[in-house]
Amino acid sequence: MAADDDSNDNDDDNLSMDDATHVANKKGHSSKWSSRTEGLVKIIEALIKKQDEQFSVLVGIVGIDVARDKVAADKRMKLNGELKKKPNLSLQA
1 MAADDDSNDN DDDNLSMDDA THVANKKGHS SKWSSRTEGL VKIIEALIKK QDEQFSVLVG
61 IVGIDVARDK VAADKRMKLN GELKKKPNLS LQA
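Start counting the sequence shown at 1; every next residue gets the next number (the UniProt record's numbering).
Some hints could be false.
Stated by the list, open to error - Keeping only pairs whose Cα atoms sit at most 30 Å apart, straight-line, the calculated BS3-like set for lysine-lysine is: (1) K49 with K32; (2) K85 with K70; (3) K75 with K85; (4) K75 with K49; (5) K32 with K42; (6) K50 with K32; (7) K75 with K86; (8) K84 with K70.
Keep in mind that the hints were calculated from the coordinates and are not lab data.
Hey, can you work out the whole structure from these sequences and the hints?
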């Protein structure tokens, strides 16, 4: 029976070694998954940063265009106001 007990002890050791190997493999896969996830996060962060920069440039360009349009509209309003003040010479003749 003592021999049977020893063989059972070896089986327990093998199970615990298998369990330890399984846990280590899980940690390895988890580590690989974690590093892949971190890589994806970095890529997404870089894309978002680039998009924010492009959006800022676009807002600047649109802002410049809006400012130019406002200046042009103000000039038109001023000129229209001045033209309305002057008499129409063709009607007077």
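Quiz item: Does the alpha-carbon distance linking K32 and K42 stay inside the 30 Å limit?
Solution: holds, 15 Å
Exercise. Would you check the hint for K50 and K32, treating anything up to 30 Å between C-alpha atoms as holding?
Key: holds, 27 Å
Quiz item: Between K84 and K70, does the CA-CA distance stay at or below 30 Å?
Solution: Given pair K84, K70 holds - Cα atoms ~21 Å apart, limit 30 Å.
Exercise. Take the C-alpha atoms of K49 and K32, compute the straight-line distance between them, and say whether it is at most 30 Å.
Key: holds, 26 Å
Practice problem: Assess, step by step, whether the Cα of K75 is no farther than 30 Å from the Cα of K85, and give holds or violated. | Solution: Holds. K75 to K85 sits at ~16 Å (cutoff 30 Å).
Practice problem: Sort out whether K86 lies within 30 Å of K75, counting only the CA atoms. | Solution: holds, 17 Å
Quiz item: Quick one, are K75 and K49 close enough, alpha carbons at most 30 Å?
Solution: violated, 39 Å
Practice problem: Mind checking the alpha carbons of K85 and K70 for me, to see if they're no more than 30 Å apart? | Solution: holds, 23 Å
Hint 4 from the list above is the single one not met by this structure.
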